[in-house]
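Quick mapping for you: the protein sequence lines, in order, are chains V and Z.
With the UniProt record's numbering, the residue at position 397 of the first sequence is 397, and numbering never jumps.
With the UniProt record's numbering, the residue at position 83 of the second sequence is 83, and numbering never jumps.
The set of hints was computed from the structure by calculation and includes no laboratory data.
Be aware that a few hints might be false.
With a straight-line Cα cutoff of 30 Å, these simulated DSBU-like cross-link-like pairs (lysine-lysine) come out [stated by the list, open to error]:
#	chain 1	residue 1	chain 2	residue 2
1	V	Lys423	Z	Lys52
2	Z	Lys147	Z	Lys170
3	V	Lys688	V	Lys657
4	V	Lys411	Z	Lys52
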Amino acid sequence: MDFVDFDTLNLSDDLPQPQPALSLPIATNIETFGRKFYNLNSLTRNLLKRDNNTDTEKSENQPQVAEKYANLSLLLIEDTKNADNDHQEPHSDIKISALSARLSRVLNNPLSDSQIRQIFGSLEDTLRSWDSILEPGALGSMLRRKLRGEIERTLIRNQTQTLKEYQPVIKNLRKLEENVDALRSASMGVVDSVNNDFESSEIFNSKMENLHRKKTAVVVKKQLLSAFRAKFTLNEYEEYTLENGDISDEFFTVLAKAEQVDQNCSILLSIDNSQLGVKTMARVNRLVTRASEKVVAYANRTLGNLYALNNRDRVRTLHQCFVYLRHRPHYLNSVLATFVGSRSKTLVDEFLGQANSRVAGSSPQSEEYQDPVRVIGDLLAYIHSVVVSESETILGIFSFENDLVDETSRKEFGEIMNDCVAKVLQSLAKPVRAKLEQIISREVRILVLFSIHHLVELYYIMFSKQIKQDHMGLVATIESLVESAELRIVTTVENKLTTIRNSNLAQLQLNIDLQPPEWIIDFYSEILPMLDQTHTESIFKDNSLVNMVVDQPIQIYEQHMENSQVKNFEKRDKYILQLNCLDLILSKIMPISVLTDKVILVNEKIKEVSDKLVETQVSSLLEESGLTDFYNIANMICPINDDFFDVSIYEPITENKLFTEDNIRQVNLKIQAFLPTALLDIQQSLFKINSPLVVNEIITESAIKYSRFYGRFQLICDEYLKVPLLAWSDGEVATLLGVEDAYFDEQ
Amino acid sequence: MSARDKLNIMRKYKIVFLGDQSVGKTSLITRFMYDTFDDQYAATIGIDFLLKTMYLEDNRTIRLQLWDTAGQERFRSLIPSYIRDSHVAVVCYDITNKKSFQNLEKWINDVRLERGDDAIIVLVGNKLDLKNKRQVTAEECEELHKKVGSKFYIETSTKANHNVKLLFKKIGQCLPDSSDGEGNGDSQNAGNTETIDITVNQNPEGQKSGCC
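If we strip away everything but chain Z, and leave its shape as in the complex, we get (with noise of 0.2 Å):
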């Protein structure tokens, strides 16, 4: 295969999205997707996928596979099989719910149950545009993701569309060059791929991220 080739080939990539009930995965996946929101709330059932190109600053073309996955308790015992073969984790609370953020430690065990530290964890706060309902700090966030040791650590705002080109952004620049799923035979879709513009418009109000 020639250089040319080697660059057009696309690494395929599993991310999960987990998190309680209403933190907003579904919003988020969306958001990035199709760039909407919709304010009418829907519970996920079972896992849903969606499918995304995307083009990094480093010439590289990444395909992501996301996995969005119901946060009501019923589905629970679907969500580790998901987990098994995924390259990232998208742990997500809701800053207006405490409990949502206490249960992401569940969920982080859950992820290194079923990967140890092979896959990436990423604590994602959503909700920022109900910052005056907050009631996990970005301190509070910052604490977790230094005990549990996850890639980095940011608060995004679905509806005000805040930070969440940013959050992929990270999430691919963190991506390792090779996927498992080249090894499977497993084929890449080369025509009508969807696409999008990662540029994250700088919004310095509320940004709050990190990484380690």
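If we strip away everything but chain V, and leave its shape as in the complex, we get (with noise of 0.2 Å):
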């Protein structure tokens, strides 16, 4: 601390105003150190902020300051003095300056103003007598120096007990150092570990960075491995459920993450190294061609054993065999040919057995000879049988459950079932028709073919029905057995029609009773029961058994009516016979409904050849009566039988030389003679005919004509003659001749 210096202030009397006393923060320091001591922080800052010089600026400002007021007072205390006391001797500047540096620091103290009213309150009492103390002598000596002590002492005790209060602040101070010290050398000793540390968590962080680093490539390493393991590999149980392991929905599973793999490796043939992509290919192709041929080993299995498809969880596992070899349609194909193999050889097996089980053999006392309509009807219902069973056992072995499959996988495995069914049906086709053709074309008998025919052609609609795809297959077979059936009976019938027109026994039947051979009779006998038969036209679709049936029989008869006797019958007997044939024949087919078309033709054949028979009859009856020539001459001027008739236009007839009264009374004479008896002659030569209504109508008919032409030419005689030559009318001679109705009829 330092003093002001009594002579100094003597010199100033008049000082300025000193600088506003600055508070000291003492007080409020020490209230609030406790407080702020707990903030080490900030005490940290400051005394970090102690290494900064702006203490020391503002110290050094202050001293300034002070001094400037400081030398401000001294000059005015000086021209004070020197306007008060000229006699007092000038002071030295050197007084003057180190006054001035002192008063600076009293001044420059922060005192209160109420602090420094007690210190110069204090100084006025110890001042009490001026003048002693100025005195120059050793009593004012003294008296200065006693007054510098008593200031001195009473600053001192001021000091004191200003000191006092900061001792116990300077006692925690104290300890507050040397906590601060401990605390700093605790932080010298935390900023050295820290450092420390830090070095060497430097070298941990490089050395944790590397580490972290490598980690970071450990880790990518194991996820690029983890992935390529994923979608690469299949692990040691994976590939064991593939090789050992039973076909089930874990192996599916399995086999498509295998696929999958397989797939995905074609992304490691494009890299560098593609043989990594070619071994781990390989290795997966390898296991899930294995695989495969399970699945095929087993779907094979199962469907060459069909009694395990009653075990439902079989049939899942078989379904999901399929939907996998769906999308490898070699397995598939391969596993549907092998399941259709062996179910074709199992059902041609079956049956051959079955055809094989009945009493075969071509001797009269086997079944098939006995009974093949029986034969071939077993026969067919067991095909038919294995048709809708096989059909039946294919719908179950292709009935996906929904979950599955999706519906176009679903119409996909349909196409397939009905592809497979027609496949195993057709292995039928050519066994049955071998078998079925072998008992046919030993058949002989038309009725028993026919029934066979019938039988096929039921079949075939009932096959049509239930095979839906055939394929050239067993449909189309018994439609070939329905053909052959036809062809057969064709042939046969052909067969006994040729024998019948190269028989000469059958040519020998035609005498002269003039009755119809017995061979047509035989003929029909056999055919019409086919014919009443027939509900359907089929078999005569084409007409050839139709034509043969009634035309060949015709032209038989008639070949044979040529070859044999009967060539050298009369005209009228050949055409009776001829009439008789045509009749029976008509009356056979006439109830068959499809041999209308064929009555209506035999009807105009009896017509053409009753016509004939007319002809002939009317001609003998001109010949008996001597009308012949008149007959003919008067047809050659017109036809006299047309229904136009003009006695004028047979006038030329005048100039004919036969046509003289004379001749037409002989004629006349013999009409008379010859007209009673001549209807017993007609019936007595038409006798034999054996249809009364064709007698009749030949007799009517012959009568009527011959009546017409009498009636006409005696209407010419009458005109161009001019006597009335023949004596009985038109109507009498159709009355003699029995036929007046008919005749009046037709007039």
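Assembly of the complex is requested from the two constituent chains, each provided in isolation within its own frame, with the hints serving as guidance.
See below:
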């Protein structure tokens, strides 16, 4: 602490106002020190700030301001002194500067007004006698010293008191200093250790960073490997499942994964080293191939033992196999081919067993021979049953559960199923055709053949309904059997007719009794039951059989007539024989609906022959009555049987030398002699005609024709000979011939 | 094969429906299969085939192959071949048609000729809904049933859906536990089978059946 020199104080009475007191924040600091102490960070910051020069600059600036005030105070004192006391010796600059320096220090102290007042109050108490103090002598010096001593004491006391106030603070500060020092040292230690740690941690960090980098690399590598493993490899269990595991849901899951791996491997082929991809692919491919073969084997095994299909789980697994194999057509085709082959073989064996279980053979005792219709019926019923069972079995095999396949796949498998059914049933086609054709070809009985045809035709209808897809299989075979039976019927009939045609015995059956030959009766008795049973016209679709059944017998007897003794018969007898044959044929075919057209044809033929016979009869009547020449002459002029008749047309007849009165009279005589018995003669000549209707028709028609000519000729004679030469009228002639009613009706 | 698998095995039985034309054989089958009835008559051509899976009360599942024969004379020749390997012959007549009842014996003889006593014969009098036109009494049928030794007889109405389920239920109960169909390697349809409810609606009115 600096003290104001008394001497210097004297120099300035008029001191300038000191700088306002600076309040020390000690008390406040002491009160809040403890609080502040807690905030070590603030303290640390303050401590750190100590390093700055801000405080120094402040302390340096303050003395300058104080010095300024001090200098101003001294100058004021000096001016005052100069003005009041001229006698006083001028002070040296050295003293002034020393005093100003001291004053400045005093004034610079941050004292409050009360303190300064107190200080100056105590000074006034001390300076009770300025004069003695100001004495230049020893006393004055002593008093000044004494004053000085008192001031110093006072000051010391005051300072001591003041300092005492600070003592606990100092104590605390000392303590705090210790603590702070400890803290500082600790801090230093911490800083050191932090520094050390920092260094070590820097090393550690670099190590860590390296390790982290390594770890990241390892993780990436691990992830890569994991991804690789997941994408490109199968684990041991999965491989075991594929190689040795049972076919199950798990198996297919693993297989799907293996296939995915195989698919994924293609990307590995594009990398620089494609070996990895190639190897992985080869490995997975091998597994997939083996698994596929296992699936194929399972499917084959299951399909080979259809009894196993009773197990729903097994069926489901089989369906899974199908779903898997669908994308591998070669495997699926192989499975289906094996299945179709196996089923085909089984069915063919069973069919042959069934066929052979009947009494086989060609001996007359065999059932085949005795009742071929029944044998064929049984075999076809068996085939029908097989078709149904097989369709049902295969439908069961391909009936997928909803969760396994979508609609498209279901449709696709539906087609596969139909194809399988068709192929399996197709296998039966050949043995069935062979066996049935054998039976058909051996049969010669037309009725039996017809029954076979009918039977096979019914089965054709049923099979067509049952089998949707045939591909030239069973349905086509049955259809061909229908054709075979038809052909066989036609051939048999044809053979029969050929035999008759070439038979001498048949020719001999045509004799003078003019009755139709026996063979016609036999032939129709064999054919007609067949025709009678015919409900469809399929068998007659090409008319060959119809033609054969009707036309050929007619041709045969006509041929026989030409070749046999009949050729020497009279024309009338030939016509009668013809009529009898045609009449028999007509009577046979008339009830048969399918032969309606032929009935008309035969009727026409009968009409044709009847007309010929009528002509013969008319000629005979004319001959017997001597009218033939006139009939010919009249017809030469104009056909006399035409509906239109006019006597005048026949005028040229007068030019004929035969047309004389005498000749006509003779004719009249002949007529009168002949006509009364003519009817009997006619009936006698036609009595061999079997059909009374035909006989009646012929007699009537010929008599009418004759009567008509007679009547017209009579008119001609009356007109041109002017004499009624013919005694009977045409009506009378018709009456004599027994056709008066018909004649008058016609007229 | 495990016991479970054995339970899963579906026996297959062939049932042939015989009888004169228009007695209602096809209607009977159609009612059983699809629970429908068509008033329009359409003659069966040849032999029709239908398939049905039936669950019996004793937990057995059986598969019935129903062979519907044509009653027309011209198809008669086909029928014996189908009787040959059938397990059951359902011989039908029309209760309003005495002739069809009289012909039953002929049908039964056909069955006996082909199968001897091996086939189960069931007599079915159909068209029970036309009671007012009845020409065949239940007593007459019972008499015939006793005479020919059929398994049972029953009167049904396919139009009124009466006793049809009962008929098939009774047939199912009469069927033996084993079938020839198994032995020859025939397979059974294990998947996607049609199923039917054979619960019989008890209709006391007009129910007339007997079982020996």
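Hints versus structure:
| no. | hint | result |
| --- | --- | --- |
| 1 | V:Lys423 / Z:Lys52 | holds, 25 Å |
| 2 | Z:Lys147 / Z:Lys170 | holds, 20 Å |
| 3 | V:Lys688 / V:Lys657 | violated, 41 Å |
| 4 | V:Lys411 / Z:Lys52 | holds, 23 Å |
This entry does not satisfy hint 3, going by the numbered hints stated previously; all others are met.
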